[in-house]
Amino acid sequence: MTDLNTSAKNTWCPGCGNFAILGSIKAVINALIEEGTPKEKIVIVSGIGCHAKIADYLNVNSFYSLHGRVVPVATAIKLANPELKVIGFAGDGDCYGEGLEHLLFAAKRNVDITMIVHNNRVYGLTTGQYTPTSPLGYKGRSTPGGSKELPINPLEIALASGATYVARGFSNNMDLMKKLFKEGILHKGFALVDVLQVCVTFFNMYDYYNKKAYELVDHNTGRFDDAMKKLREWDYNMNVPIALGTFYKKEDTTFDENYHQPDIDKNKRLLKIQELLKKYI
Amino acid sequence: MEISILIGGKAGEGIDQSSLIIAKLINQLGYQIYVYRDYPSIIRGGHTFSIIRGAQRKISVHSDKIDFLLALNEDCIELHKNRLKESTCIIYDSDVLKPENIPAGSKSAGIPLTKITKEENAIPIMKNSCILGSFCRASGIKWEVLDQVFRNNLHKELDQNLKIARRGYDEAKETDCKIPKASEKTPMPVVTGNDAISLGLVNAGLEAFLAYPMTPTSGVLHFLAQQAEEFSLKVVHPESEIAVMLMATGFAYAGKRVAVATSGGGFCLMTEGLSFAAMAELPVVIVLGQRPGPSTGLPTYTCQTELHFALNAGQGEFARFIVAPGDADEAYYWSAAALDIAWKYQMPSFVLTDKTLSEGNFNLNTDSKCFISKAELSPVLWDGNNAAGYKRYQITETGVSPLAFVPTKDAVVKINSYEHDEAGITTEEPDITKKMQDKRLLKEKYLIQDLDKLRTVEVYGNKDASAKTAIVCWGSNKGVCIELGEKLGLKVIQPVVLSPFPENKFREALKGVEKTIYVENNSTGQLERLVRTYGFKADKMILKYDGRPFSLEDLEEELKK
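Quick note, the sequences are listed as chains A and B, same order. For the first sequence, my numbering assigns the number 14 to the initial residue and increments by one for each residue that follows. For the second sequence, my numbering assigns the number 38 to the initial residue and increments by one for each residue that follows.
Treat the hints loosely; a few may be bogus.
[Stated by the list, open to error] In silico lysine-lysine, DSS-like type, Cα no more than 25 Å apart, as pairs:
no.	chain 1	residue 1	chain 2	residue 2
1	B	K428	A	K52
2	B	K95	A	K291
3	A	K292	B	K597
4	A	K22	B	K428
5	A	K292	B	K95
6	A	K291	B	K193
7	A	K54	B	K193
8	B	K179	A	K292
9	A	K52	B	K446
10	A	K195	B	K500
11	B	K446	A	K292
12	A	K191	A	K52
13	B	K505	B	K446
It is worth saying that the hints were derived from the structure and are not from the lab.
Throw the hints in and build the complete structure from the sequences for me.
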């Protein structure tokens with residue numbers, strides 16, 4: 014087992030769902046290393062928010078970026094070097110709010126990165142405001158009378174935009190998280206794993222999710238329409254059963270593999286420039 | 038001996054391409070050229086024109102007075118009457134314009150461009166080839182020269198274009214408006230400022246380029262996208278300038294030399310990424326093309342209003358390199374230097390341009406080694422010694438931490454937008470916070486030492502000790518100021534690097550000068566405002582902010598006031 018701990022002191026609240034995500038990804042990274050992926054080829058990218066501290070807590074290559082900007086950074090790292098396994102961590106405010114546009118484009122491009130979204134449906138680090146996935150009527154510090162808008166269903170948006178792997182996990186189900194994270198990382202193409210991660214301080218949904226969540230069985234992950242139907246069952250607002258697991262999985266060409274970059278002799282740049290300039294006369 | 042030709046018509050009628058052909062024809066006669074392009078921000082209609090100027094010296098400004106007017110429509114005569122001299126030769130489409138439309142007494146040749154183009158079953162845009170043929174005949178440019186330039190530059194329907202040009206050539210008569218050969222020298226390539234910037238970046242080892250299209254720097258995106266295979270570049274056009282800047286930092290993290298290009302509005306969206314790049318010490322080059330604002334302003338016109346924006350953009354305090362080239366040669370050499378500097382000092386590096394430089398045409402001389410000389414601008418790489426583990430933000434004497442990129446065996450590379458310790462782990466400790474801020478700022482001190490070896494301030498015009506008056510200019514005003522400085526006996530001082538400001542060299546250049554005149558394309562005197570913080574001040578300011586560059590005549594009149 015590779016020691017993936019750092020010297021950083023963990024400052025998540027006791028009982029935070031992020032611990033389970035950290036534990037799961039450590040297990041998955043260790044498994045990947047044991048199966049032959051060199052540790053240096055693993056890169057994690059985080060945004061800003063409670064989730065993002067994971068960059069400090071994992072002793073692997075990391076890129077602690079900006080709020081909402083995990084996806085463009087992860088996309089670029091993959092484009093720069095397709096040999097890398099790039100795993101993005103983001104919050105729901107981060108990835109479904111300020112950075113939603115990037116998520117759509119990554120799905121549209123089917124770039125081979127994995128996004129793990131710590132979806133606690135509340136802004137934690139800024140102390141309890143509603144997010145794009147908070148239920149209607151959520152009472153937070155910016156919506157004391159209750160939020161006046163319906164949540165978005167991020168999985169529906171990702172699938173509609175072209176994501177080729179779409180799954181939902183729950184921070185109280187580590188075995189499933191490990192399975193989904195690994196599947197997502199090994200999937201060739203854009204993978205989104207939305208994790209219902211519980212914020213014990215501002216929006217404690219443990220009991221609710223424990224009651225409502227169920228794991229998908231006999232679901233055909235290869236059919237778009239089935240996936241869409243299934244992931245629309247719960248719209249992040251209604252009081253209905255919540256499906257967990259893989260909704261959709263399909264192999265397709267990826268953005269990064271379409272970037273052909275021939276080897277050129279770098280010492281010949283000037284010569285090539287001068288050759289090219291002959292056409293400018 | 039010099040020559041000015043104006044060609045005009047409706048936007049979308051091919052004026053742009055024709056002006057480039059004319060420039061190349063003149064170039065073949067041994068002139069050095071400059072092309073000023075004036076076009077509205079629309080795709081079809083409206084008036085578009087270019088002024089092609091040829092001279093026996095390096096130039097980068099147009100003249101208001103013209104020797105030839107090539108008129109594809111009526112507007113051309115009406116709008117450019119004031120530019121005509123007694124000797125101006127007007128060549129026009131006689132199917133659109135009648136002789137009574139032409140100012141009385143002027144030399145003119147009406148050619149039935151529309152009729153000829155129709156007879157040849159050609160699309161209307163090929164009228165351009167016809168008028169170019171007539172222009173060659175009237176100006177005494179040999180058919181062989183036109184034939185060669187067409188072959189080099191037209192990639193579609195070459196035969197038909199040549200045929201139509203020949204009809205235009207045969208239809209016209211030789212006139213006494215002959216353009217004499219200027220020299221026997223081999224013509225130098227004709228490029229835009231955007232081409233020169235692109236080539237400079239490529240020469241310095243560019244590996245990736247990202248941009249969201251925006252005038253006036255879209256040309257950099259188009260050029261590099263076109264050349265991506267040839268130079269092994271990854272060129273990406275992402276969803277927004279926010280993505281552009283953040284993606285650039287991702288490329289830099291993986292060790293790829295990267296640049297982005299935009300204009301002020303796009304740069305607004307890049308500022309969070311810029312500040313991040315500074316904090317994370319990820320090298321990025323930003324090509325920033327200024328245009329008149331505020332806001333959307335005049336998208337296709339020129340100005341120098343973003344100097345202070347570039348100097349101050351981004352939250353927090355951090356060092357940055359800013360260079361403002363004045364012509365294609367400087368754009369080529371300094372863009373390369375900007376990339377090298379970004380990598381050596383792991384800081385944001387700007388190439389500040391404007392529409393005049395970016396979209397104007399110039400001769401490019403890549404053999405000229407005058408700009409960059411002795412400075413050693415290689416990045417500092419990690420030696421792989423892992424006793425203490427790799428530290429991305431290791432504190433060193435120069436503030437520059439050795440670079441390792443993912444994937445490097447035994448190196449965990451941690452980048453962080455928060456304040457961080459040497460290993461890249463988040464910190465809020467006061468001691469480390471101060472140390473890290475000092476470390477980042479320290480890099481500027483060593484950059485200044487490198488810049489001392491480069492020509493960061495250029496002096497032209499009257500360099501004698503007797504020159505008591507100096508024109509101070511920056512960026513694309515270089516050319517007009519040099520020509521008038523020489524004509525009027527004034528010294529011309531051009532700070533090329535604007536951050537870190539080359540205070541000592543600037544002071545040196547001002548030695549003996551008693552009066553300074555600042556020439557700028559903005560309404561507040563942005564360079565003057567910058568140098569004031571170093572204790573310098575202007576005696577006079579000549580500011581132009583109508584979206585148009587100074588012509589020779591514009592500035593001469595102002596200087597003589």
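Hints, one by one, checked against the model:
1. For the suggested pair K428/B and K52/A, the alpha carbons sit about 17 Å apart, so the restraint of at most 25 Å is met.
2. Taken as a hint, the K95/B and K291/A pair is honoured in the structure, with Cα atoms around 19 Å apart against an allowance of 25 Å.
3. Restraint check for K292/A and K597/B: not satisfied, since their Cα atoms lie roughly 42 Å apart, outside the 25 Å limit.
4. A hinted pair counts as satisfied when its Cα atoms are at most 25 Å apart, and K22/A with K428/B qualifies at roughly 18 Å.
5. Distance restraint check for K292/A and K95/B: the Cα-Cα separation of roughly 20 Å lies within the 25 Å cut-off, and the hinted pair is therefore satisfied.
6. Only pairs whose Cα atoms come within 25 Å are accepted, and K291/A paired with K193/B is accepted, the gap being roughly 19 Å.
7. A C-alpha spacing of about 47 Å is found between K54/A and K193/B, which places the hinted pair above 25 Å, so the restraint is violated.
8. At most 25 Å may separate the alpha-carbon atoms for a hinted pair to count; K179/B and K292/A meet this at roughly 21 Å.
9. Restraint check for K52/A and K446/B: satisfied, since their Cα atoms lie roughly 8 Å apart, inside the 25 Å limit.
10. The straight-line distance between the Cα atoms of K195/A and K500/B is roughly 70 Å, outside the 25 Å bound, and the hint therefore fails.
11. Taking the CA atoms of K446/B and K292/A, the gap is near 44 Å; set against the 25 Å cutoff, the hint is violated.
12. Under the criterion of a C-alpha separation no larger than 25 Å, the hint pairing K191/A with K52/A is consistent with the structure, at around 18 Å.
13. Between K505/B and K446/B the alpha-carbon distance is near 62 Å, which puts this suggested pair outside the 25 Å criterion.
Going through the hint list in order, the structure does not satisfy hints 3, 7, 10, 11, 13.
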